[in-house]
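Peer 1: As a plain string of letters, each chain reads:
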Amino acid sequence: MILHVLGCSYRTAVVGVREKLAFQGEQLDRALDALTSRFDCEAVILSTCNRVELYVGQVVDSLSSKADTVGPSALINFLAEFHGLDVEKVRPHLYQYQQSGAVRHLFHVASSLDSLVIGEGQIAGQVKAAYEKAQEHSSAGPLLHALFRHARQVARRVRTETGISKGHVSVSSAAVDYVRQVFDHFADKTILVIGAGKMGELTLKHLKELRPRKIVVTNRSPEKAQTVAHGCGGEAVPWEKLDELLTQVDIVLSTTGAPEPIVTLERYQKIAARRTRGPLAILDIAVPRDFDPRIHDGDQTCLFNIDDLQRLRDATLAERLKHVSPAESIVEQEAKAFLADWARRRNGPVIQRLTQDLESKRQAVTRNLFSKLNGKLSDADRKYIEGAFRLLQNQFLHGPISALTEETHAQEAAAQHTLLDALRKLFRLQE
Amino acid sequence: MTVVCFLASYLVALGLEIWRLFRPRPILWVLALLTGGAGLVAQTIYLTVQQPPLVGQFGWMLFTAWILAIFYLGGSLHHSQLAWGVFVLPVIIGLVGLAALGGALDPPESGGLLLENWTPFQLVHVALLFLGGIGMCVGFVASLMYLIQAHRLKAKVPLRHGLKLLNLERLEEMNRRAVTLSFPLLTLGMLIGLGLMFVKGLSGWTDPRIWAALIFWLAVGLLLYVRYGLHLRGRQVAVWTIVVFALLLGCLSLSHPVGQGSAREKPDGLGRVDGPGEAP
Numbered sequence: 001m002i003l004h005v006l007g008c009s010y011r012t013a014v015v016g017v018r019e020k021l022a023f024q025g026e027q028l029d030r031a032l033d034a035l036t037s038r039f040d041c042e043a044v045i046l047s048t049c050n051r052v053e054l055y056v057g058q059v060v061d062s063l064s065s066k067a068d069t070v071g072p073s074a075l076i077n078f079l080a081e082f083h084g085l086d087v088e089k090v091r092p093h094l095y096q097y098q099q100s101g102a103v104r105h106l107f108h109v110a111s112s113l114d115s116l117v118i119g120e121g122q123i124a125g126q127v128k129a130a131y132e133k134a135q136e137h138s139s140a141g142p143l144l145h146a147l148f149r150h151a152r153q154v155a156r157r158v159r160t161e162t163g164i165s166k167g168h169v170s171v172s173s174a175a176v177d178y179v180r181q182v183f184d185h186f187a188d189k190t191i192l193v194i195g196a197g198k199m200g201e202l203t204l205k206h207l208k209e210l211r212p213r214k215i216v217v218t219n220r221s222p223e224k225a226q227t228v229a230h231g232c233g234g235e236a237v238p239w240e241k242l243d244e245l246l247t248q249v250d251i252v253l254s255t256t257g258a259p260e261p262i263v264t265l266e267r268y269q270k271i272a273a274r275r276t277r278g279p280l281a282i283l284d285i286a287v288p289r290d291f292d293p294r295i296h297d298g299d300q301t302c303l304f305n306i307d308d309l310q311r312l313r314d315a316t317l318a319e320r321l322k323h324v325s326p327a328e329s330i331v332e333q334e335a336k337a338f339l340a341d342w343a344r345r346r347n348g349p350v351i352q353r354l355t356q357d358l359e360s361k362r363q364a365v366t367r368n369l370f371s372k373l374n375g376k377l378s379d380a381d382r383k384y385i386e387g388a389f390r391l392l393q394n395q396f397l398h399g400p401i402s403a404l405t406e407e408t409h410a411q412e413a414a415a416q417h418t419l420l421d422a423l424r425k426l427f428r429l430q431e
Numbered sequence: 001m002t003v004v005c006f007l008a009s010y011l012v013a014l015g016l017e018i019w020r021l022f023r024p025r026p027i028l029w030v031l032a033l034l035t036g037g038a039g040l041v042a043q044t045i046y047l048t049v050q051q052p053p054l055v056g057q058f059g060w061m062l063f064t065a066w067i068l069a070i071f072y073l074g075g076s077l078h079h080s081q082l083a084w085g086v087f088v089l090p091v092i093i094g095l096v097g098l099a100a101l102g103g104a105l106d107p108p109e110s111g112g113l114l115l116e117n118w119t120p121f122q123l124v125h126v127a128l129l130f131l132g133g134i135g136m137c138v139g140f141v142a143s144l145m146y147l148i149q150a151h152r153l154k155a156k157v158p159l160r161h162g163l164k165l166l167n168l169e170r171l172e173e174m175n176r177r178a179v180t181l182s183f184p185l186l187t188l189g190m191l192i193g194l195g196l197m198f199v200k201g202l203s204g205w206t207d208p209r210i211w212a213a214l215i216f217w218l219a220v221g222l223l224l225y226v227r228y229g230l231h232l233r234g235r236q237v238a239v240w241t242i243v244v245f246a247l248l249l250g251c252l253s254l255s256h257p258v259g260q261g262s263a264r265e266k267p268d269g270l271g272r273v274d275g276p277g278e279a280p
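Read top to bottom, the protein sequences are chains Z and A. Mind the numbering: the first sequence is residues 1 to 431 in my numbering, read in order. Mind the numbering: the second sequence is residues 1 to 280 in my numbering, read in order.
One should not assume that every hint holds.
Straight-line Cα separation of at most 25 Å, BS3-like style, residue types lysine-lysine; simulated pairs [said to hold, decoys possible]:
#1 Z:K214 to Z:K166
#2 Z:K166 to A:K156
#3 A:K156 to Z:K205
#4 A:K200 to Z:K166
#5 A:K154 to Z:K270
If you want the footprint, here are the derived chain Z segments under chain A, 3+ residues with CB under 8 Å [claimed, not checked]:
#6 174-184
#7 310-317
To give a feel for the contact side, a few chain A residues facing chain Z, derived at Cβ under 7 Å [to be verified]:
#8 T44
#9 A150
#10 L153
#11 K154
#12 K156
#13 P158
#14 K164
#15 L168
#16 E169
#17 R170
#18 G234
These aren't lab readings, by the way, just hints derived from the structure by calculation. This one's a predicted model, so the numbers in the text were calculated from it and none came from an experiment. Here a beta-carbon is modelled for each residue, glycine too, at the ideal position from N, C-alpha and C.
Please model the entire structure based on the sequences and the hints provided.
Peer 2: Written out as structure tokens, the structure is:
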């Protein structure tokens, strides 16, 4: 097995460099074709906003001595040439992994352990998309098929067996988390959107996923209210009806650009006195804040501002870090399992050939012996002699097979090849 | 088998639930369920064999605890991620503990359930009051959870820390349903009880337990008025519910005049007494 990973990520290259090395659209198609034809190898390219990685593999026939034709330098040159960049300018931003290191790296990446936000859910889909693209181009062969399929299993295990992907790490989705602490069902809830800020759009998108009964939008500018209402499938209501709306709705998303609170404590107390509905959850993500923070009581009025949401996000991230260690253990376990399985596949033909070879020699020797001793041996004697030769054969094979298996666990390709080469030469297994 | 058997099981289950707050592991949840389930089985066997009188503190509290144990197991299975047991188990343990402490006043020999000695009206009277009491226990648990959840929201405690509770709306709904269902059950039970008292010539009407039950029933009615008449919600209603639950405990801690009567009248050789035929 020859496996290389070459690439850059947010850790090693700023976005300006990553942009230049990225593969988009037809570039990706050309790159896959160019890689496979130039190096006669398997290839998968993972290109996201935070990383660009080339996964290149070759299955070396254990019965031949095919030289390693693709190496890190060749890949760096390819990458630089493809994008028309100077190799020496690109090289400092690149990292490379080989063999078991490459396996571990992919498993880390797919499990989101190498992501900017640990535990993020997008990377698994991006890895899958990269693999599927390679399949379309037939650039993924048996090695990368096995590797990327295993990577998906690893990602699934990490996600389900650890808490690394639990909770929300964006401010807008953290807002929904808070709202869920107040309300149980949303089909009978009305959401009021005040203002039209950009941050509000993303939060509103998450709130819409709760499928509320109704969304109403108000803004000092009726045109902006109409635009936002149209965008979210809501209804625009005049600004003058704000107080009335606050007595009737259940969730408020406030994101105006007002320089001071639009709802003061005194104003809200009058509104609260007229409310007959249950609690009111207010997401005040405006800066400066739109609602007086003193109205928050955690009971009938739950007010969350941008600081609260960011604190929630930070707490979630900190919590996720606790799950990194168990996740790493899973990755290590699965990497060993993959390498052992792959080695078994690679060593299988050698062991089979060795066994067949010795078997045929044993049969030839016993045939010769029986023909010379014809008539002098009983059936029981023949069986005993055959059994003895078979036992000798098994004992003879045990040593080389055990040594090969032990060497597999050493995870060093060079050592494995040396032993394989030795077995080929010692037992004349070369074609 | 004694009360200690299932009390110990519930205590172990509570210990495991508390441990789970600090180390959320699925195995702890499973163990808590198993020990809680073992406690329930032991309690079921005890109640079946011993048949403590429902009219006394001992029997009443044990039966209430038994129903709540089923409630605990069901809730724990349904809300495996929540700190359900941390709230329900202390109520169960408290009831069993109180029953064990006050049980001397209602020795089992006072006649068991002896359902064959009860008139249908007496059975219905006891069943309705019993169910109404269970409702108030559920309301109490929901209220306690509500107050804690509201406090966490007020303090803006990070959501993934510590207790995981149901949201405010769900807890309020649980409380509302529990109290709203309890009141008609209690009312009907009280009316039947009053009827039985009149039939017996108002015998036992001065008993403290009767007056305590009446005060409790009035308090539940007031709680409903506060909710639906004055439209109070949330924390205020939760606090009221807890106060009413305290009245229920006070009521349960008093001996039922029928139970007292049974204790005074020694059972005959067959363990029978002149049944709970006296008015409550």
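Peer 1: Now tell me if each hint is right for this structure.
Peer 2: Outcome of the hint check:
{"no.": "1", "hint": "Z:K214 to Z:K166", "verdict": "29 Å, violated"}
{"no.": "2", "hint": "Z:K166 to A:K156", "verdict": "19 Å, holds"}
{"no.": "3", "hint": "A:K156 to Z:K205", "verdict": "24 Å, holds"}
{"no.": "4", "hint": "A:K200 to Z:K166", "verdict": "65 Å, violated"}
{"no.": "5", "hint": "A:K154 to Z:K270", "verdict": "21 Å, holds"}
{"no.": "6", "hint": "174-184", "verdict": "holds (count 7)"}
{"no.": "7", "hint": "310-317", "verdict": "holds (count 4)"}
{"no.": "8", "hint": "T44", "verdict": "33 Å, violated"}
{"no.": "9", "hint": "A150", "verdict": "5 Å, holds"}
{"no.": "10", "hint": "L153", "verdict": "4 Å, holds"}
{"no.": "11", "hint": "K154", "verdict": "3 Å, holds"}
{"no.": "12", "hint": "K156", "verdict": "5 Å, holds"}
{"no.": "13", "hint": "P158", "verdict": "4 Å, holds"}
{"no.": "14", "hint": "K164", "verdict": "10 Å, violated"}
{"no.": "15", "hint": "L168", "verdict": "5 Å, holds"}
{"no.": "16", "hint": "E169", "verdict": "4 Å, holds"}
{"no.": "17", "hint": "R170", "verdict": "4 Å, holds"}
{"no.": "18", "hint": "G234", "verdict": "4 Å, holds"}
In summary, the structure is inconsistent with hints 1, 4, 8, 14 from the numbered list given earlier, while agreeing with the others.
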